[in-house]
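These protein sequence lines are chains A and B, in that order.
Take the first sequence: its letters are residues 1 to 242, numbered as in the working numbering.
Take the second sequence: its letters are residues 1 to 242, numbered as in the working numbering.
Everything labelled a hint here was simulated from the structure, so no lab data went into it.
Intra- or inter-copy, both count: the list cannot distinguish identical chains.
Derived DMTMM-like pairs (lysine to aspartate or glutamate); straight-line CA-CA distance at most 25 Å:
#  : residue 1 : residue 2
1  : Lys138    : Glu97
2  : Lys129    : Glu148
3  : Lys107    : Glu97
4  : Lys38     : Asp48
5  : Lys89     : Asp186
6  : Lys17     : Glu148
7  : Lys138    : Asp80
8  : Lys107    : Glu207
9  : Lys38     : Asp164
10 : Lys211    : Glu148
11 : Lys211    : Asp80
12 : Lys17     : Asp164
13 : Lys211    : Asp186
14 : Lys38     : Glu160
15 : Lys17     : Glu207
Note that the structure is predicted; figures quoted are calculated from it, not measured.
Below, each chain spelled out in residue letters.
There are 2 protein chains.
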Amino acid sequence: MRTAAALIIGNELLTGKIADANVLVLARALRLLGVQLKRVVMVLDDIDVIAQEVRALSSSHDWLFTSGGVGPTHDDVTIDAVALAFGAKVISSAPMEQMLRDAYGDKLTEGHLLMARIPEGARLASNAKMPWPTVVMKNVWVLPGVPEIFQAKLPLIRDELGADQPFVSHAVFTTLDEGTLKPMLDSVVAAHPDIEIGSYPRWSGLEYRTKLTFDGLDPARVQAARDAFAASLPEGAVVRVE
Amino acid sequence: MRTAAALIIGNELLTGKIADANVLVLARALRLLGVQLKRVVMVLDDIDVIAQEVRALSSSHDWLFTSGGVGPTHDDVTIDAVALAFGAKVISSAPMEQMLRDAYGDKLTEGHLLMARIPEGARLASNAKMPWPTVVMKNVWVLPGVPEIFQAKLPLIRDELGADQPFVSHAVFTTLDEGTLKPMLDSVVAAHPDIEIGSYPRWSGLEYRTKLTFDGLDPARVQAARDAFAASLPEGAVVRVE
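Modelling step: build the complete structure from the supplied sequences, incorporating the hints.
Structure representation (structure tokens):
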């Protein structure tokens, strides 16, 4: 199975100024490609910490996606950290410099030109809809933290990674609590080792008590696990099946 | 400075079924206590991976807070993982068993009793508002993933950790982009090495282009950094100061 990790960078997240919005959309996009997101690490704007995580996560997963720290200010250290992780120099990309000159014209500053910095050896990924390049260093995709732009890059990732069989997900919503439904659940888990089964109690709301999820790559097997579980519940305990 | 890490556990997060809601509230609570949240790691429901992270994060931070995986079903492996991390056995807590017997009465199942499992040597933290105990193993707080309950545990953490000087945060909102404001920002960063300064461009909206944040433990120093930056901007470039 193809695997991925995400490295979410930024003091603003760990100091509670904003909530991360990128893990959810990345996770969903990867599910549709059949890629398993195995680990997310969130760190401060610290070049050494970022470099160490880039090295560790990129070597233990097929892809690493970083989010944040790619602007021109002092707290944007992701490009330097990725370069450091791979022992590469940071250089200025001629095509990116040209795009910045075209975009800013007379108003161009030295600050703006810092946005053309890339690790030596990185390639630039882009498509017609997303002309500003995305820096890809080996298997590391360097993405911006701003959620609107992060999200706009996902189709590019999809095109480059290509879709395997997507993960399929089904669910059963029940009136039973986890302690009560556990024996039925354990039977289905034991009989469907290839299906990833999750149990999520609901704390508030009256519609249901527990949501059970069934995920896997083979649609028929996922559906069979879901149906076997629903059939094992007592009369009236199934609120809804998805 | 006192430090903390968070370990966010659950397939539902890494498969994009739900967005984490606990990092933000934990980060904010810790800021008010003057505790620096340095790292967040999000992993699947895998006992060995969780145990390894518990060992690493608890030894490198003053506190580790885990979120998720504490129910009675097959995908709830946090208690076992925390026990494994410290080479402890898992035992059933007599007071928690009694509370479960009282709560469920006739409807009690073996499944419910699994919620009394704790690592041997753990202590139980509770207060009048939160009678159901929170398991604390050495410096590891084992918290539930359900956001309403996670949030309800924060006052207990606040009482136990105690408040140092809280972090103070101010902000300047400006019409300038990051490339343009960089020289002014660099001056203020150089003159205020004790202040954590962040720069956040806004992608959409017309009110401002970049938000600058100034954080630290000394209120006067934080305010001085903010005011020095605001004063260095050209006429009309400051939209608002907080």
